[in-house]
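Engineer: Chain residues, written in single-letter form:
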Amino acid sequence: MSLSVKHLLGIKELNTQDIETIFRTADNFKQVLQRPIKKVPTLRDTTIADIFFENSTRTRISFELAEKRLSADTINFSSSGSSVSKGETLIDTVNNILAMKVDMVVMRHSASGAPWFLAKHINASIINAGDGTNEHPTHALLDAYSMSEKLGDLKGKRIAIIGDIMHSRVALSNIFCLKKLGAEVTVAGPPTLIPKHIESLGVTVQYDVKKALQWCDVANILRIQLERQHKPLFSTLREYALFYGINKSILEGLQKDILIMHPGPINRGVELNSDVADSKQSIILDQVENGVAIRMAVIYLLSGKADVVE
Amino acid sequence: MKTLLDTHQLNITLQRLAHQLIENHLDFSASAIIGLQPRGIWFSNRIAQIVKEITSENIPYGKLDITFYRDDVHTGDILVPSHTDINFSIEDRRVILIDDVLHTGRTIRAAMDALIDFGRPRNVELMVLIDRHYSRELPIQPDYVGQTVDTIITQKVKVNWKENDGIDEVVLID
Numbered sequence: 008m009s010l011s012v013k014h015l016l017g018i019k020e021l022n023t024q025d026i027e028t029i030f031r032t033a034d035n036f037k038q039v040l041q042r043p044i045k046k047v048p049t050l051r052d053t054t055i056a057d058i059f060f061e062n063s064t065r066t067r068i069s070f071e072l073a074e075k076r077l078s079a080d081t082i083n084f085s086s087s088g089s090s091v092s093k094g095e096t097l098i099d100t101v102n103n104i105l106a107m108k109v110d111m112v113v114m115r116h117s118a119s120g121a122p123w124f125l126a127k128h129i130n131a132s133i134i135n136a137g138d139g140t141n142e143h144p145t146h147a148l149l150d151a152y153s154m155s156e157k158l159g160d161l162k163g164k165r166i167a168i169i170g171d172i173m174h175s176r177v178a179l180s181n182i183f184c185l186k187k188l189g190a191e192v193t194v195a196g197p198p199t200l201i202p203k204h205i206e207s208l209g210v211t212v213q214y215d216v217k218k219a220l221q222w223c224d225v226a227n228i229l230r231i232q233l234e235r236q237h238k239p240l241f242s243t244l245r246e247y248a249l250f251y252g253i254n255k256s257i258l259e260g261l262q263k264d265i266l267i268m269h270p271g272p273i274n275r276g277v278e279l280n281s282d283v284a285d286s287k288q289s290i291i292l293d294q295v296e297n298g299v300a301i302r303m304a305v306i307y308l309l310s311g312k313a314d315v316v317e
Numbered sequence: 108m109k110t111l112l113d114t115h116q117l118n119i120t121l122q123r124l125a126h127q128l129i130e131n132h133l134d135f136s137a138s139a140i141i142g143l144q145p146r147g148i149w150f151s152n153r154i155a156q157i158v159k160e161i162t163s164e165n166i167p168y169g170k171l172d173i174t175f176y177r178d179d180v181h182t183g184d185i186l187v188p189s190h191t192d193i194n195f196s197i198e199d200r201r202v203i204l205i206d207d208v209l210h211t212g213r214t215i216r217a218a219m220d221a222l223i224d225f226g227r228p229r230n231v232e233l234m235v236l237i238d239r240h241y242s243r244e245l246p247i248q249p250d251y252v253g254q255t256v257d258t259i260i261t262q263k264v265k266v267n268w269k270e271n272d273g274i275d276e277v278v279l280i281d
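Protein chains in written order, with my numbering: chain L, 8 to 317; chain W, 108 to 281.
One or more of the hints may lead you astray.
[Said to hold, decoys possible] The following residues of chain W were derived to be distant from chain L, with all beta-carbon distances above 10 Å:
{"id": "1", "residue": "LEU111"}
{"id": "2", "residue": "GLN122"}
{"id": "3", "residue": "PHE195"}
{"id": "4", "residue": "ASP199"}
{"id": "5", "residue": "ARG213"}
{"id": "6", "residue": "GLU232"}
{"id": "7", "residue": "ILE247"}
{"id": "8", "residue": "GLU270"}
{"id": "9", "residue": "ILE274"}
{"id": "10", "residue": "ILE280"}
[Unchecked claim] In silico lysine-lysine, DSS-like type, Cα no more than 27 Å apart, as pairs:
{"id": "11", "chain 1": "L", "residue 1": "LYS46", "chain 2": "L", "residue 2": "LYS108"}
{"id": "12", "chain 1": "W", "residue 1": "LYS170", "chain 2": "L", "residue 2": "LYS37"}
{"id": "13", "chain 1": "L", "residue 1": "LYS75", "chain 2": "W", "residue 2": "LYS170"}
{"id": "14", "chain 1": "L", "residue 1": "LYS263", "chain 2": "L", "residue 2": "LYS186"}
{"id": "15", "chain 1": "W", "residue 1": "LYS170", "chain 2": "L", "residue 2": "LYS157"}
{"id": "16", "chain 1": "L", "residue 1": "LYS187", "chain 2": "L", "residue 2": "LYS203"}
{"id": "17", "chain 1": "W", "residue 1": "LYS170", "chain 2": "L", "residue 2": "LYS46"}
{"id": "18", "chain 1": "W", "residue 1": "LYS170", "chain 2": "L", "residue 2": "LYS45"}
These are computed hints drawn from the structure, not numbers from a lab. Positions of the beta carbon are idealized from the N, C-alpha and C atoms, including for glycine.
Please construct the entire structure, taking both the sequences and the accompanying hints into account.
Structural biologist: Here's what the structure looks like:
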């Protein structure tokens with residue numbers, strides 16, 4: 008009845024049943040979060056390490072809150088100011104933490120694939136909180152969950168993912184997740200920010216953002232990740248905003264109401280204007296709220312497999 | 108397999124339990140019925156319906172899932188929860204917890220913990236259809252009992268409901 012996997016490394020490895028189980032469990036946790044007493048005693052026997060080798064605000068807070076709402080003990084670790092800066096390897100760092108009887112690891116790492124590598128070497132369950140430009144599975148789950156909360160079944164629904172597809176792990180995990188749930192996906196943005204051969208994942212490519220908006224039910228707008236761009240991929244932010252930024256007048260020209268999503272943090276005035284980000288069509292804060300419930304569900308569902316030896 | 112209650116007997120028992128509840132509460136304005144997921148709700152649905160038919164009162168009726176409060180979360184498979192649906196305040200209410208089979212008492216312990224996270228009821232009573240005698244692991248006793256049976260741990264009591272299982276009956280499986 009629970010999940011088919013021991014770790015949540017990527018959406019790629021989940022089946023549709025797993026995703027639905029996570030959503031059903033998240034429904035329950037969402038209800039818990041609306042009560043006067045917003046926690047349950049379920050994981051009081053569990054200790055979870057949040058290991059972040061890369062900066063994060065909301066994912067980290069969201070995971071920590073999810074763990075606390077489940078009554079788990081948490082330890083936080085960030086690479087700056089730790090032994091990693093003294094040259095310790097990833098496996099050594101994690102094994103040292105696990106030696107202190109930690110049951111589960113939530114990890115963010117700048118290297119794509121790092122959680123898969125770690126999963127081969129340690130016994131505890133691992134939840135990937137973002138690896139390089141590869142996957143960010145809990146984000147894709149909370150995105151799809153937020154969409155289905157508004158639209159119902161996602162089968163046949165049209166989702167446009169707009170912006171910096173190239174550097175976005177949210178984009179890749181979203182594509183895997185939405186395709187598994189039967190949605191149609193289009194990626195849109197400047198050609199330099201869309202990876203070659205992305206059609207092989209079953210998505211269509213659109214370079215005209217207005218056409219993508221015209222087509223879709225939901226627009227998931229991504230952040231321009233300047234920190235990951237090692238060479239310039241468009242001339243200026245102003246030019247990007249002019250051709251690919253989304254503002255109120257574009258949305259008003261569509262003659263239909265689409266949902267607006269963004270994984271945050273928003274570059275206001277670049278990929279998204281304030282008049283859209285703060286509009287009624289925006290479900291950005293629902294995404295944040297649902298993030299805690301989704302992460303509670305994932306942690307709970309994986310917590311039983313900590314002692315399973317493969 | 109042995110039949111403990113057939114359709115006719117089960118119906119009489121349901122009627123009796125509903126009447127006992129009314130006798131004890133008289134006025135349901137400060138009461139609430141809460142059925143335990145997953146299988147207790149078939150029983151609580153019936154009791155809520157019969158009490159309503161007799162008294163024509165609208166009694167607050169909720170469903171409670173106790174998965175997150177179990178004391179054996181990590182001893183077996185992780186369970187996917189059912190829905191909790193309590194859309195009223197239980198603060199200062201006389202709550203009647205309803206489950207189909209009382210066995211070790213651990214479910215009821217979890218249910219009381221879960222319930223108290225919703226507020227502070229005035230008191231809590233327990234109604235069960237089948238009380239499996241001599242198998243309690245916690246000091247919990249029901250206030251309303253359909254039938255008390257002596258069983259051994261390897262036996263299983265199964266309550267079937269027309270809505271879900273096609274027939275109303277209680278059977279003992281060896």
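Engineer: All hints are to be evaluated individually against the structure, with a verdict given for each.
Structural biologist: Checked hints:
no.: 1; hint: LEU111; result: holds (28 Å)
no.: 2; hint: GLN122; result: holds (34 Å)
no.: 3; hint: PHE195; result: holds (13 Å)
no.: 4; hint: ASP199; result: holds (14 Å)
no.: 5; hint: ARG213; result: holds (14 Å)
no.: 6; hint: GLU232; result: holds (22 Å)
no.: 7; hint: ILE247; result: holds (18 Å)
no.: 8; hint: GLU270; result: holds (21 Å)
no.: 9; hint: ILE274; result: holds (26 Å)
no.: 10; hint: ILE280; result: holds (21 Å)
no.: 11; hint: L/LYS46 - L/LYS108; result: holds (23 Å)
no.: 12; hint: W/LYS170 - L/LYS37; result: holds (16 Å)
no.: 13; hint: L/LYS75 - W/LYS170; result: holds (25 Å)
no.: 14; hint: L/LYS263 - L/LYS186; result: holds (24 Å)
no.: 15; hint: W/LYS170 - L/LYS157; result: holds (25 Å)
no.: 16; hint: L/LYS187 - L/LYS203; result: holds (22 Å)
no.: 17; hint: W/LYS170 - L/LYS46; result: holds (18 Å)
no.: 18; hint: W/LYS170 - L/LYS45; result: holds (18 Å)
Hint compliance for this structure: every hint is met.
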